[in-house]
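**Student:** Okay, here's what each chain looks like letter by letter:
4 protein chains.
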Amino acid sequence: MITDRLLNLDDFERAARTALDDARWAYLAGGAGRDDGVRHNEAALRRWKLRPRPLNGVADPDTGADVLGFPSTLPVLLAPTSPLRLFHPEAELPVSRAANRAGVLPIVSNDSHHSLTDIAEQGPFWFQLYCYGSRDDVTRTIRLAESLDARALVVTVDNSHPSRRLAMLRAGFATPPEVRFGIHRESGFSDGWVPPDTRLPRWPLTWEQLDFIQERTGLPVVVKGVLHPADAAELVARGVSAVIVSNHGGRQLDDTVAAIDTLPAIVAAAAGRIPVLMDGGIRSGADVIKALALGATAVCIGRPYVWGLAADGEDGVFRVIDVLRQELLDVARQLGVSSLRDVPTDLVVRTATEITVDEEWRCSA
Amino acid sequence: MITDRLLNLDDFERAARTALDDARWAYLAGGAGRDDGVRHNEAALRRWKLRPRPLNGVADPDTGADVLGFPSTLPVLLAPTSPLRLFHPEAELPVSRAANRAGVLPIVSNDSHHSLTDIAEQGPFWFQLYCYGSRDDVTRTIRLAESLDARALVVTVDNSHPSRRLAMLRAGFATPPEVRFGIHRESGFSDGWVPPDTRLPRWPLTWEQLDFIQERTGLPVVVKGVLHPADAAELVARGVSAVIVSNHGGRQLDDTVAAIDTLPAIVAAAAGRIPVLMDGGIRSGADVIKALALGATAVCIGRPYVWGLAADGEDGVFRVIDVLRQELLDVARQLGVSSLRDVPTDLVVRTATEITVDEEWRCSA
Amino acid sequence: MITDRLLNLDDFERAARTALDDARWAYLAGGAGRDDGVRHNEAALRRWKLRPRPLNGVADPDTGADVLGFPSTLPVLLAPTSPLRLFHPEAELPVSRAANRAGVLPIVSNDSHHSLTDIAEQGPFWFQLYCYGSRDDVTRTIRLAESLDARALVVTVDNSHPSRRLAMLRAGFATPPEVRFGIHRESGFSDGWVPPDTRLPRWPLTWEQLDFIQERTGLPVVVKGVLHPADAAELVARGVSAVIVSNHGGRQLDDTVAAIDTLPAIVAAAAGRIPVLMDGGIRSGADVIKALALGATAVCIGRPYVWGLAADGEDGVFRVIDVLRQELLDVARQLGVSSLRDVPTDLVVRTATEITVDEEWRCSA
Amino acid sequence: MITDRLLNLDDFERAARTALDDARWAYLAGGAGRDDGVRHNEAALRRWKLRPRPLNGVADPDTGADVLGFPSTLPVLLAPTSPLRLFHPEAELPVSRAANRAGVLPIVSNDSHHSLTDIAEQGPFWFQLYCYGSRDDVTRTIRLAESLDARALVVTVDNSHPSRRLAMLRAGFATPPEVRFGIHRESGFSDGWVPPDTRLPRWPLTWEQLDFIQERTGLPVVVKGVLHPADAAELVARGVSAVIVSNHGGRQLDDTVAAIDTLPAIVAAAAGRIPVLMDGGIRSGADVIKALALGATAVCIGRPYVWGLAADGEDGVFRVIDVLRQELLDVARQLGVSSLRDVPTDLVVRTATEITVDEEWRCSA
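Chains as they are written, first to last, in our numbering: chain A, 1 to 365; chain B, 366 to 730; chain C, 731 to 1095; chain D, 1096 to 1460.
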């Protein structure tokens, strides 16, 4: 495979840049506004540093995670993204296949190209619900997910409104005509075809709408897009099953706090009553472990697996997950962490020193 | 309109750079000394980050503001600037027209090119008073503003003395001969013509001079250029109607504290007894909301609307305000803020991490 | 000598870069992952600043150090590195000769090219033990070191597992065929020849393995690779003779805390009961003294002496040590420190200001 | 004058760079080691920010200072530097003339090219004493200074030992043959000629040597080169007349704390019993006022006046002082400071934000 030569996620990013035209790249890489939010997620993670305890003597760390009852081989999920048809002719199918092969859960977007039936055949999944159309439309979509054995409903609360994605606009991005919305068709909400630049009627995800969803389903409800501890506390009180700390990869609002920096406050607000997941800026196994040490149960990756998809389809996605697995094994061994289910908080500290890259020639050959 | 393709205020800045010769650009963009103050205002704002509460479910936020009784459509005013004849043949007129169209207040400089009568015809305004000539001259100018229904007198206290604007000097800036001072003529202070490099006799704005102004007018008196909390406390005690936290856009002193960083101390000193406004470095709707969250009632923009004026006249100014409006609507929705009259302080936090721009190719297409 | 023109360790680094091909350079300069850890060690040291007391009047400071009883002329040791055959045909021999000439201790790696007998002839040394093969193999290696009068056994605990050294992989580094492992042959563990990319069977260095080593030897046991204060406390309790704070020069894990920044916590945990040494990022005499002021008894240097070896063999190594000696004498005089055995903590403070390099022309001729 | 076009001290720096060959420039601009110390002094000053109180209404601030009884027109002295013959054929004479014309004190180096008699004729001065030769030699030099009405003896304590000035060495700097040491000849210590690279026998400046000097003279003794508060406290106890906080412009030790950052601790240690002066990194009137606000009575400038000397002789030195005077008047007016003898501490605050220079085109024409 071409991706065998790609050693870390930065390599996959470069490979995807090469594989994609400017407009698709801008759609994938860009965020809201000046893209400060995108970079800030990563920069904030690099400020957190690790303090290993190697004498613990961990040769074969357990990287498994219990993700709301699903025995994931890694504390990693694939964040919902769309339209994946931009990056691969088969869109979600190779993503779900790779996730299944790797033993992790994909979160399937309500805006997928394929029908949920086709996607569900690839392996277990969480379903990310948007509230299109009438309450009956939403209820039908929930029933569809339930019938196909979705393990949880993910409710994204941070993009109820369109955002100002300037990089995308500047690159002249437009949804290409081959993109379809298979779940829309399957749930009976529409014929699955959306003319470019159409904004579909979607209910903003409010407390009331969340109540409605919780009443309609027996599935665990996971709320994605939480940054404020007061919201986390309220969500715990309302009985959601988990929250995902996220600023939507910097795609909704340019000036939010970094996900990793607000994670500790959310974990404190959740007070151990529900699991806290996190996404935003995860680019290595060390990043995953930093999040776990700060209290996350698992993380989601978004752009990284799409890099893999764009570079090499299913194998690319699998390789991205596999690189993270190798890095997690490596970091866990070096840290002396026997199980990623229990990463002590005292293994991370925050540094005051920015890393500045000195002369180019120094560390590169 | 040409400015339809300009998506944020950075774009307007670039457009203005293209439209202006070096000397005018230096006049507009430069500040005092090394221009540290100019950059510092912006850099400090980028350190403040937002924590949204999207589940509040705000689809249609109220962006209106009560600006000393004026029902502004935005918590934004246009800061007094001059000479605008440098940037447009009609100088203040398109600015005031655009402000009126947009439903915000311009603060009309005492050094305007046109008569106040002509400017006042474009819509409601605040008048920014300098104390030229005798006390009778000043009183006549106040009477003129009152007779034309100025909603407030703005007294700028931070440029009683000329500053060392090196960028301007290096670029060889000289006031071009077509610049006139219409309000000077109208108030009877002079014939409205000032030879280049002439420094007009102006009273420094001291506590005594402020008392004099307050005694002479029934208009609300707003003091612009406050950075020290002790001054804010004294101004409250002396009964001014509002203060504007400002370092004059970095144009007076290169080494001042950033406006946004001293705002909280000024708000604390005002203790809720008068409104606190702020200017300096505002370049986006997110910046406006950060200032509101830290206690400001409204902000002023200076350079940004002049970029619009230079790029496309009245339409350019209108578009700059409109971009801010769209950004404010966007940010308020994302944050879950239903009214800009009440932005909770806990929506902002300060980050320790500078955003560093990694390789160029990453986020740009 | 060519190295007479090299004035500080940066100069030796540049000279080594010139002397080495890309793959060898990548092996030497690179670390794990993105090389953040390599740079972070140095950047963190530059944040610590000195406060001299020159009136103490120290003309002739004593740079000597008691290194577990060895009267070292400097508080500096040469860290174990391998394979040195990459950088010089005689590998360890010129290193040990230079160390002996300079009056400092080399820490001889278990993976040396030459036999320990040959190396030991060059002068006193510490022996760094890896646990290859059976417990009998390890015991024989310990006996060999004891019989050749090793002054201490250094047990490296932070590389029990291979690390992800991407710079090296990208440069296509492979161990060249001339590399041999003389101590492996001498101890009877193997024939001393390791095919490229072979991972030899090595016991991870756990608490139990450490107990085994301590039981087998009367030599002082020094544990290298400690970053967590809890590990330091436990090592004191288990009776080791010293610890070396180290992140293996950033070669094992990209995201660890900088050695200098965790040193104070380790010193506190050791509570004066055993000496604490440190390595990682030491590039000048000032760096050495910062470590001493923060509680270290001595430091190790790694890459710097290999730069000297690559640039000029034994003389290069000697010159690197000699540059440090001159710098240490200089800094001690400037600080008013009469003996490096007692550097007061109040001579160092941490600064909030990054040093930014302004225009190139300013300080360079 | 050529220097009329030079608007701030940065301009003089550039002019001097143009006027000097590489070796002289390296001597002037460079410091010890990597030149971190040189840059750090300036970077630290830029972190301190001002909070003006313009309503105080200061039109004509008093810039005068009482410098141990000397009525200086500015709180500025010219730091002792040598050999000035490198930068001007007349060496110290134009410096002392310019200082006298400007109403400030030069501190005349013991290593001056001219005789102290010739220099003293140019105007009042402080004399900076090095302890060459025997105690009788030193006593004769003190008597010489007293007889020529030196107003104080400055004792530099931070360069008792040569430092590692790498920039200078790399540029191949050697003292040119025309350099003489007029005061050495005049005091009878030597014939005034020093072969290149000769290190003259000089007593290190210790507590004992300081006692000796204090016993030998009735002149006020000022100690230059203090960075540690414990030294400041001891100097107060020993009855010195003033201290100068200084790291010798970064020329002695690359890693010292910035002068401005240690100033508050020294002022606290002096406890108001003696004046505290400061040098290091002063490049503007704002920098001077920051030092005064943090407790300094006056500052010294070094490199800046030598830039003036190299660029335009006496007029250049005068203009450098005059630029500072104009800047001080400007800053004092903007701050509302009526006298530089009393700059309130609450006018300065330290910022967490580094100023980053955005795109080049933005603020420059």
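It should be emphasised that the hints constitute simulated quantities derived from the structure, not laboratory data.
One thing to keep in mind: the hints can contain errors.
As the list claims (entries may be wrong) - Here are some, though not all, of the chain D residues that point toward chain B, as calculated from beta-carbon distances under 7 angstroms:
(1) Ser-1177
(2) Pro-1178
(3) Arg-1180
(4) Ala-1381
(5) Gln-1429
Where is the CB? At the ideal position from N, CA and C, for every residue including glycine.
**Student:** Each hint should be assessed against the structure and marked as holding or not.
**Tutor:** We went through each hint and held it up to the structure:
no., hint, verdict
1, Ser-1177, "violated, 30 angstroms"
2, Pro-1178, "violated, 31 angstroms"
3, Arg-1180, "violated, 32 angstroms"
4, Ala-1381, "holds, 4 angstroms"
5, Gln-1429, "holds, 5 angstroms"
Hint check: violations occur at hints 1, 2, 3; the rest are consistent with the structure.
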